[in-house]
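So the protein lines, in turn, are chains V and A. Position one of the first sequence corresponds to residue 16 (this note's numbering), numbered consecutively onward. Position one of the second sequence corresponds to residue 16 (this note's numbering), numbered consecutively onward.
The hints are simulated quantities; they were obtained by calculation from the structure and are not laboratory data. Treat the hints loosely; a few may be bogus.
Since the list can't tell identical chains apart, any single copy or any two copies may satisfy a pair.
Unchecked claim - Pairs of lysine-lysine, DSS-like flavour, derived with a Cα cap of 30 angstroms:
no. : residue 1 : residue 2
1   : Lys153    : Lys125
2   : Lys153    : Lys104
3   : Lys323    : Lys312
4   : Lys323    : Lys165
5   : Lys165    : Lys314
6   : Lys104    : Lys125
7   : Lys104    : Lys178
8   : Lys323    : Lys104
9   : Lys178    : Lys153
10  : Lys178    : Lys165
11  : Lys314    : Lys125
12  : Lys125    : Lys178
13  : Lys104    : Lys314
In this text, all values refer to a predicted model and were calculated from it rather than measured experimentally.
2 protein chains.
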Amino acid sequence: MNHVLTALAFASLVAAPSAALARKAPPARSQPAAAAPKTYFPPEPPPAPPQLHGIQYLYGSAEAAALTRQTWRILADFVDEQVASGTHKGVVLAPDSTLANPQFVPCGDKPPAIVLDVDETSILNLGAEYDDLLANRKTFDEDAWDRWEKGGAAYVAPTPGAKEALDRLRDHGVTVIFNSNRAAVNAAGAEAALNAAGLGSARHGETLFLNGDDSRGSMKDGRRQTIAARYCVLAMAGDQLVDFSDLFTTEPNGVAARRATVAYSGIADLWGAGWFVMPNPVYGSGLQGGPDDIFPKDKQWRDPGPPKPPASEAQTEIPAKKAK
Amino acid sequence: MNHVLTALAFASLVAAPSAALARKAPPARSQPAAAAPKTYFPPEPPPAPPQLHGIQYLYGSAEAAALTRQTWRILADFVDEQVASGTHKGVVLAPDSTLANPQFVPCGDKPPAIVLDVDETSILNLGAEYDDLLANRKTFDEDAWDRWEKGGAAYVAPTPGAKEALDRLRDHGVTVIFNSNRAAVNAAGAEAALNAAGLGSARHGETLFLNGDDSRGSMKDGRRQTIAARYCVLAMAGDQLVDFSDLFTTEPNGVAARRATVAYSGIADLWGAGWFVMPNPVYGSGLQGGPDDIFPKDKQWRDPGPPKPPASEAQTEIPAKKAK
């Protein structure tokens, strides 16, 4: 029975266009309809992705590719301008900083660098996401991910525009440093993945920092301080808030409260000007909540439906009681 | 039975964290588990969103809010710089242009303007998306959307950072023009929505162009030419490729081919420098395809699983045949 449920769920996900697809799309070129779900037991469970839209968008769409190119382009322009003018401004928060009153590690004469998250910022983990989808995983599988970190290098791609931006900045004397929560014990795999994507070379402890390099686990602030002690960090890029500061983890975690943190007066002006965000609707801390969490109460519209017929007309429509 | 299926589907969507959630997240703050689905007939079908991740990301996440702020920030900076320097470069493609060899409508002495898509670019249609979710719509409902265009103004919000950017540019003498595929017959509703979001004033035929203004239906190039005849368009913003040029609709529409168009040599450098993309993993032409379309064949990794025990050990594990 579960197989049938799964088949039904998958068929509806793949077949159903977005409810709002036609809203702004050009005249539809019809997609081949998915085969009708079978009602007998299929030979094996087909994959049942619970959230195909995020995956379709991030790994397949032209729009996400353009958006990612845009982000790399503006990051490179932003850094280039400072390198050319010689006016360096660091963007790593100082240890005594708060989000309401951000202070930055001063640059002094340190050489210019940028600090980048790896997964779904610098590279797309195509192989791991394909495997998750085909294996129909509903929860994170640590062991599978560990094998991916060790052996997946040939199955990644750079995010669109990453290679061009990093090549340009390296040409201009900027050191590219990666700060990832991949495991330090799998450093060779992380180096191999970045090299395979054309974004290397990355060397653990020099231009690659990982979970396990210090005692703070997945918290990245310690590693950011280590990097900022050696370099003037002109830009950071990531797909998660924690790619910019661990302070975000100490803020309230409800949907609305979490969303509000990025508009704090001290922080709002950093997006696109030192802190650069890559799209990721596939996983991460931002994907939480149901309709009542996501949509504010005063925005919860319900379609009233077609206008009701006038009362007199409605009267005539009441079916007469049948004589027995 | 359908109700039970729906309940199961919804419970699994809301309860299941992303398979990769823990990959880069800070130590998890646990969400309350969803109640176990009931196996008897529930009183009414609960909503069963087929694609909650896209919705969680776009309307709820801090990351999408930061990414959208970033895009408005760089658009405003890009335009401001040209206004300040007096070097105007139009970004509307000329009628004889191709994507491979883009040519732009010249600016002459025309006054500076920007051209913006409306839905999920300038405003978030919170009410309509909430209603889609609660009504569990699987396909686009033209009638419901028409009622939304007419009466939804109080239930929208500006995309994060839109108001600040538009206020700044208007202060600097830039005209803000909207080019939307909302229906011309519902112009009053579109004006009301933009005004309610704090992005007005928008006036139909002057600073607001809609589907029905000319004979080309949802194709926006004709309206773009009308606007570019009056203004020097320094930047365009949208969440769909057709918000920049109808030429994208004449390109091959497969996932990989469509994604490749944004990297055409003549086009690749426009993203973030004249053409500005907003995130939308909820609806649109980019959301198509299954695993084999989205993931290139050479990136389709499968987890090999834990290492197999050595042959000798495996031998000993074969259960001896039971004596009868």
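Each hint, compared with the structure:
1. Lys153 <-> Lys125: So Lys153 and Lys125 fail the 30 angstroms test inside a copy (45 angstroms) and across (56 angstroms) alike.
2. Lys153 <-> Lys104: For Lys153 and Lys104, the Cα distance exceeds 30 angstroms both inside one copy (43 angstroms) and across copies (49 angstroms).
3. Lys323 <-> Lys312: within (26 angstroms within a copy, 54 angstroms between copies)
4. Lys323 <-> Lys165: Classified as between: cross-chain Cα gap 17 angstroms, same-chain 63 angstroms, threshold 30 angstroms.
5. Lys165 <-> Lys314: Between copies only: 16 angstroms across, 46 angstroms inside.
6. Lys104 <-> Lys125: So Lys104 and Lys125 pass the 30 angstroms test inside one copy only (11 angstroms; across, 37 angstroms).
7. Lys104 <-> Lys178: both (24 angstroms within a copy, 27 angstroms between copies)
8. Lys323 <-> Lys104: Classified as neither; 63 angstroms inside a copy, 53 angstroms across copies.
9. Lys178 <-> Lys153: neither (32 angstroms within a copy, 39 angstroms between copies)
10. Lys178 <-> Lys165: within (22 angstroms within a copy, 46 angstroms between copies)
11. Lys314 <-> Lys125: neither (49 angstroms within a copy, 39 angstroms between copies)
12. Lys125 <-> Lys178: Within one copy only: 25 angstroms inside, 38 angstroms across.
13. Lys104 <-> Lys314: For Lys104 and Lys314, the Cα distance exceeds 30 angstroms both inside one copy (40 angstroms) and across copies (39 angstroms).
Violated hints for the displayed structure, listed by number in ascending order: 1, 2, 8, 9, 11 and 13.
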